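J.: Heads up: the sequence lines are chains L, A, B and S, in that order.
-8 is the number of the first residue of the first sequence in the working numbering; add one for each residue after it.
-8 is the number of the first residue of the second sequence in the working numbering; add one for each residue after it.
6 is the number of the first residue of the third sequence in the working numbering; add one for each residue after it.
6 is the number of the first residue of the fourth sequence in the working numbering; add one for each residue after it.
I should point out that these hints are in silico values taken from the structure, not numbers from a laboratory.
Bear in mind the structure is a predicted one, so any value in this text is a computation, not a measurement.
Check each hint, because a few of them may be wrong.
As the list claims (entries may be wrong) - Mimicking DSS-like on lysine-lysine, the simulated pairs with C-alpha atoms at most 27 Å apart in a straight line are: (1) K244(S) with K202(B); (2) K18(L) with K269(S); (3) K30(A) with K44(A); (4) K30(L) with K202(B); (5) K52(B) with K354(B); (6) K30(L) with K150(B); (7) K44(L) with K354(B); (8) K354(B) with K222(L); (9) K283(A) with K318(L); (10) K321(L) with K318(A); (11) K269(S) with K44(L); (12) K18(L) with K354(S); (13) K318(A) with K244(S); (14) K151(S) with K202(B); (15) K44(A) with K354(S).
The lines below spell out each chain.
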Amino acid sequence: MKTAVEAKTMTLVQAITDALDTMLNEKEEVLLLGEDIGKNGGVFRATDGLQAKYGEGRVIDTPLSEAGFVGAGIGLAVNGFLPVIEIQFLGFIYPAYEQIMTHASRIRMRTMGHFTVPMVIRAPYGAGVRAPEIHCDSTEAIFTHMPGIKVVCPSSPYDAKGLLIAAIEDPDPVLYLEPMRCYRSAKEEVPEGKYSIEIGKGNKLMEGDDVTVITWGAMVPETIKAAKLMKEKNTHCDVIDLRTLFPLDKDMIAESVQKTGRTVIVHEAHATGGVGNDVLAIINDTSFLYQKAPVERVTGFDAPVPYFGFEDHYLPTPARIQQAIEKVMKF
Amino acid sequence: MKTAVEAKTMTLVQAITDALDTMLNEKEEVLLLGEDIGKNGGVFRATDGLQAKYGEGRVIDTPLSEAGFVGAGIGLAVNGFLPVIEIQFLGFIYPAYEQIMTHASRIRMRTMGHFTVPMVIRAPYGAGVRAPEIHCDSTEAIFTHMPGIKVVCPSSPYDAKGLLIAAIEDPDPVLYLEPMRCYRSAKEEVPEGKYSIEIGKGNKLMEGDDVTVITWGAMVPETIKAAKLMKEKNTHCDVIDLRTLFPLDKDMIAESVQKTGRTVIVHEAHATGGVGNDVLAIINDTSFLYQKAPVERVTGFDAPVPYFGFEDHYLPTPARIQQAIEKVMKF
Amino acid sequence: MENHFPIRRIMDENGHIINSDYEEKITEKLVKEFYRHMVRIRIFDRKAISLQRQGRIGTYAPYEGQEASQVGSAAALRENDWMFPTYRDHGAAMTFGHSLRNILLFWNGRNEGCVPPEGKKIFPPAIPIATQIPHAAGAAFAERKKGTVNAAIAYFGDGATSEGDFHEGLNFASVFKAPVVFFNQNNQYAISVPFNKQMNTKTIAQKALAYDMPGVRIDGNDVFMVYFETLHALERARKGEGPTLIEAVTWRYGAHTTADDPSKYRNQSESSNRRQEADPILRLERWLKNMGRFDEKWVQTIEEKAAAEIDQAIAEMEDFPPADPAVIFDHVFAEPTWQIRQQKEEYLKQMGGGR
Amino acid sequence: MENHFPIRRIMDENGHIINSDYEEKITEKLVKEFYRHMVRIRIFDRKAISLQRQGRIGTYAPYEGQEASQVGSAAALRENDWMFPTYRDHGAAMTFGHSLRNILLFWNGRNEGCVPPEGKKIFPPAIPIATQIPHAAGAAFAERKKGTVNAAIAYFGDGATSEGDFHEGLNFASVFKAPVVFFNQNNQYAISVPFNKQMNTKTIAQKALAYDMPGVRIDGNDVFMVYFETLHALERARKGEGPTLIEAVTWRYGAHTTADDPSKYRNQSESSNRRQEADPILRLERWLKNMGRFDEKWVQTIEEKAAAEIDQAIAEMEDFPPADPAVIFDHVFAEPTWQIRQQKEEYLKQMGGGR
Ligand SMILES: Cc1ncc(C[n+]2csc(CCOP(=O)(O)OP(=O)(O)O)c2C)c(N)n1
Ligand SMILES: Cc1ncc(C[n+]2csc(CCOP(=O)(O)OP(=O)(O)O)c2C)c(N)n1
Ligand SMILES: [Mg+2]
Ligand SMILES: [Mg+2]
């Protein structure tokens, strides 16, 4: 990780714009494609000003056609470009699922590396911003179960920039998830220029010997809130922000769980089939004898993400996280 | 479960035809839709003879358009029909993923039960039949992580018929997975007429006190082979065929694991994000204190299902299953 | 191809009937009926925007400018037909008999918003673009199989034509001669993306040629053209002659949704010009005036009536019993699975324990 | 629409040039070149079927009957163009310079089968129907962005036109004027589903109208028509005039794949009739005979040469080093993840321990 000297205070979404700007500037192969990313600057303004700066040839408004432009992105990627594709919301990636599943993630394997797809797919995801239905899905697990694509998810402006640059430089396809709830909820110093955060590495946000709490994305602030409240009650949490959902940071997970023996996993996706179960599998595989209590999972329910009138009931809350921490402590 | 008197010896694929025949005969709302299911009787002959018997109005060859006919199936289902849709291979379901994810599985929730989708999607799946790439995927986990749809997978002719009838009678959408490798590999007595197997219930295939081995679909015969070999070595396995992948038979899993304390899970899907991890989560949640060893998973690798020249290397084998059983026994 | 698909109209911008075939059919009664509907849904739209601004509902998708398309097409439906709207077609849904309260509940994030009045076959608004098109084809095909004369209408925008589901739905319907009308409102923008970046064609109607299906391009701000063309397409459908694609060329005056700022991507003066010249309501007003039948009192009455009806619906929406969180568990399956029972129970316990 | 898209041809079934514009261009040299290519790929096809029957390769998709479409179109490409074939287009791929051994390896379930010779921009055959169409649009768009004169060709069948990806790919290419030729081989069946159940239109060419793209319908068994029309479309593409849709009407004589039994769904006498009348190779033979230039010796020589080349490729395929199972781990990512490293290590250990 190389860090540039100057820094600016920015939000997560601004950090994304900054990363795109940095890479558009650095490599002329970088192209942005997506719906409304040009003049409009994206519905969240993540590409604001970039078309004006780099032209319509680099920042390209596509037809409303996710399979079409992800498929075309694959064609661009095998032919020398580095497409960075915006899916307007993760809940609208499904039409492109076949292209990602059968091609983006497999072309390297299919051709023994002769053709490769160095493509990034950016997608805002998650509930809690009072968006209409489908806009709030958190379906990362349907991509982590797909060999050949990496999945990352920053929770802070600093990580957002560093991970996006790493994703663009990665020789393989990367799904880059953007927690909408964190887009503008906090600001942080972000270095100017280019730096990157290694894909596959988690980030320890709080140190504690009692319980390991593992989470990512928009659940990070909720988890921190719960951990801080627990600290007041003298329960000390090791809080891990996974940052990468495939491949998971096995070593960081194992090390922490072997220290604490107690684990809480927090995510907003459904419990069944959630990435939390992959964390559970790592614990099973690496730390069985260290476990002092069953792992607790605090997750979205096994129900579709509800209409926004109910989303606060669906999403894990600091209260639910605290209860889980207390439960593993009491076991 | 009501069982009719007469029985016939048949293969799994014949049992599917028999179930479809039974239900086409019983309910005129039942419609079959799919590619090549008419005159051709399906590429695996699962619908052989049914168009001749019930006419082109009941057994309908569709255009090559999975999103289109699954979407139209939703329209048929909300408007009084009971569509049973054949996806030629599970690996070709991805174009319809959006329709299943955002509509089939959610319409009941979205409309508080005002509209419902009593639809079945049948899909042959899995490796081991020397089929070309993509034809061999085992991606059930991308559906078990989708609230609102059930996922079933028979491993025997008897179960195949009973589960398919149950799926057609279910008021909600059901994904019915057909292990191609088992289509014609064994025959069994199958009752004539209508009977059904409850969705959500596993089947104990062998009883043993030493190790619980949990599997489904095409891995059942491989697991039985391994368990029989282990029996000769005096290790006795409780072998569970899950039959339903969502919702899992939590009680059967917990009961067995609480008896044996040792578990091996076998599936051909990738390890990461596989349904095996849901089984693991059930064990964690219900049977933590009973566990004598970490759970072993014998799975397909975290690599795309390879070209058929290599598929035998990808698939779990009795040898790998035995090694896992030995490993949990030795722990 | 553009010249093969001229924009057809019955009434010009000045409220003159320019197609004499229809002169007899356009009665004061019909004009007033359409006028009333359009005024009603326009008032609703403006109220909804202001509710959103006050934080009383969530993000809202306005349709002002598209009233003739929505009213004219919905008015052509029969009682037992099916409607498959998008998030922008609640003007059509209201005209077809949807509950105003429920529509407001939808925009307030409540599931009740997707429940149509008993007997009304109105599907929940499609959020993923174009996905409703195959549904409409399937539901219409079902009617054909049942041997009824019912038909379906699917609404969608210009942007939606780029999705695979548009193509697959139209192909399915054409192959099976499903009684469905594919009603496109070409408002010339998909959020910020203008028509000419969405497709290489100058018309949407011509896309019907890919399915050997009739395709027509009409002035979507001419409520009569919309009404009679939809009626005609529905008749064809009922007679077993299959689907039709209608492109109603129109314009949304305002933002894509209340979360959108159109000044980022277009000059809004175009909207004010169109308001002066091509407004669908103004056009009927001009007809009434031309005929010497414009009656300010009557206009005032219908406006007041609509406002009262809408205020009533808003009150009902706001008085609606508060969300019972249990609802998020209750309609996933006909019978809840153990996961859902367990999660619901735990959640209710936690709620009980105070958060 | 059918009459707007007549099936165009240059040479009739009897080997007569019926379009005098091309008389000069059709030289003995060209005829013989095409003849040679078609014979070569036909021999390959038959050999492959017999290899499958003997269990020496897996399921195989034959193209016999479609040789003129594949050879004529591939011959029109330039060195640096891109090709996006399906599982049935290895005749085209071989004509464009793919390795026969590798193609056989593909049908034998080996990844090496998807690797084209160095410098040859041939994509692996698309197995999921129509998915290659957007790839071709994207790769062609890339060439345009780079400012080259290279183009791309995408092959696909009649059934493929029903998929959303067909529509989205053509729309993308038309909007961005990507230099790509969409080459449809309408062999009138998608496995068992005949053309008239696949779509309501009588032609595929007319679907181009939905994108304001030129669409032509040609006799896919007339190698000259195929060649010159593809050449023309490629020229347009290179000049920045955008994509073209070509419908080459043809027929597969045999089964969909070696796992298929066509007698289940069609009368195979149609195939034998077509063999007599419309066979693409026979047609060139007739031209040669008409011109008095048919030379049995020459035919024998090229047949022998092709057979020898193919036998050589088969030998190379069979001598190819046996599959190293490690390959299934080695190309998932540029750098293997820990899962892959761990799984590979464990697997190799197990292998070592004997299975
Ligand atoms: C599959 C999908 N992709 C993206 C979106 C985000 N989105 C919502 S509305 C819209 C534009 C739709 O344009 P159009 O079809 O013209 O309808 P209009 O909004 O103009 O009525 C987009 C891109 C979506 N809802 N679904
Ligand atoms: C998405 C998808 N659905 C289904 C299949 C199974 N399948 C393989 S070939 C085929 C028919 C293709 O017909 P067509 O496009 O006419 O090409 P042809 O085989 O005639 O060359 C089908 C349905 C597939 N490969 N991909
Ligand atoms: Mg629009
Ligand atoms: Mg075909």
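J.: Output the numbers, in ascending order, of every earlier hint that fails for this structure.
T.: 2, 5, 6, 7, 10, 11, 12, 13, 15
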